Amino acid sequence: MSRSDWEVVIGLEVHAQLNTASKIFSGASTAFGAEPNVQASAVDVALPGVLPVLNRGAVERAIRLGLALGSHIAPKSVFARKNYFYPDLPKGYQISQFELPVVQGGTLTIRVGEGDSAYEKTVQLTRAHLEEDAGKSLHEDFHGMSGIDLNRAGTPLLEIVSEPDMRSSAEAVAYARALHALVRWIDICDGNMQEGSFRCDANVSVRKWGAEQFGTRREIKNLNSFRFLQQAIDYEVQWQIDTIEDGGTIQQATVLFDPETGETRMMRSKEDAHDYRYFPDPDLLPLVIDEAWIARVRGEMPELPAAMKDRFVAELGLSAYDAAALTAAKEIATYFQAAVDAAGSNIAKLCANWVMGELAARLNKADLDISASPVTPAQLAGLVSRIADSTISNAIARKVFDALWNGEGATADEIIDKQGLRQVTDSSAIEAMIDEVLAANQKSVEEFRAGKEKAFNALVGQVMKASKGKASPAQVNELLRQKLAG
Amino acid sequence: MSLSNEQVGRLARLARLEISATEIDATRTKLDGIFALIEQMQAVDTTGIEPMSHPQDLATRLRDDVVTETDRRAAFQSVAPQTEAGLYLVPKVIE
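Here the protein sequences line up with chains A and B, keeping their order.
Everything in the first sequence is counted per this note's numbering, starting at 1 for the first residue and increasing by one.
Everything in the second sequence is counted per this note's numbering, starting at 1 for the first residue and increasing by one.
Here chain A stands alone, though its shape is the one from the complex (with noise of 0.2 Å):
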């Protein structure tokens, strides 16, 4: 047998912490990379007699996610206990919620794979619930002790939990990708999955095609990264196959991935470990959500990436792929939309290509982020412009965009004007620097008089050299050929 016999099954919990000033049940700053625990309250640390009070900000982040995700926004949902005990959970429990969470269902489409064999997918959301975090552990010796910080006890976090929908780890990769740039476009979320602002779980189980009933799953933990989260569930899958195949069976389990050795393995579990005795937390009265603060939510969203790329394909003409593509985060969108406001929709498509490609490699090349670009939308759509106008032509136009790049002008006219790039579109022009080529080059016209056409090529190539790449190559071709036939 081999892998291709097996079905492969995953859900995710992705943990969003959410980008609020002050943490969910205090008043406490979340700002990252303090001094430990002097963002840690009373509340915090759990000290005796001090109670929990909601942030509406978290409420409202976990309503923008419900409204993008098409969720039903629970109008009562419920606080609950969490039970375990860890030095970095000082009040000895949780708060999270368990029956009645604040956003249920929802559905997610994704984009798996690329080129000709990409497809959609929509998975569905089972839920996302508030929570608050738990603070950090260091166990670098303190004298055989650990050390506890905890400024990061009570950041609020929205718990993602989506149906065991995707099927293999390019699918989960896509979207937890999806989900990555969601809250970020809805602004929940800073996304920075280095400072642990973006986490992923994923449940992952096989099961021979065909089978009814899932396999039993295993949690991988904590992943940080979207290549960790492929590693860990190929790794994690081939493992489990290999198991099944020798003969052995599937223990539900947590497990960590290791991304020095890049395999899973069991965490240290105690036998009562999972039986965390939810309660709801008497601390906390229901969380009512009305209709009309749903509405002034609703009111206040942005145009989501789905809505956008469908716009993209009808307003703009552009290809679904290119849609997608430049939709995939809210920054590339953002300055997309800025150049074609400034460019005009009906040059949309080339203001694309100009942004996938020339740039999007530049700022690879530099490896800097879109919105830090050294050439501005308005830039970029003053160079498309030309291009469009046939001031200058494509070859022109890269030059023009070093220059921008390199902040050598302030618009691309200003460039076209002070290099003298200007496209030559003055047939005498043209033609005088035609002649000169062809008192020069009297073997390449023989050879083309004998049929040779690509000395024919040599020739118009010649030309454009002659005018420094300004000529119309089209124009320099038809020019040409009325000279090489007269």
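Treat the hints with caution; some may be incorrect.
Simulated crosslink set (DSBU-like; lysine-lysine; CA at most 30 Å straight-line) [unchecked claim]:
hint, chain 1, residue 1, chain 2, residue 2
1, B, K92, A, K221
2, A, K330, A, K365
3, B, K30, A, K91
4, B, K30, A, K136
These are computed hints drawn from the structure, not numbers from a lab.
Because the structure is a prediction, the values reported are computed rather than measured.
Following the hints, position chain B against chain A.
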């Protein structure tokens, strides 16, 4: 419903309570009493009644997303058994 001593022991372990062998019977009897009360309540017909998560039918109060707390680490750590470099020190939790 009545609990076994084994179940009482498991609950105590989950709650990190130390219950000695001599206390376990008495604890079980008390817990059984609570379960008897729950059974009585569960016998009430609640068909069509929306379950409540809290005895008061009120909505939770919300606060604006504003930082209102200042650094009080020194005060909080003055009652901690052991601290270093701003961290609370605890017995090592992984091997």
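* To do: Enumerate the violated hints, using their earlier numbering and listing them in ascending order.
  => 4
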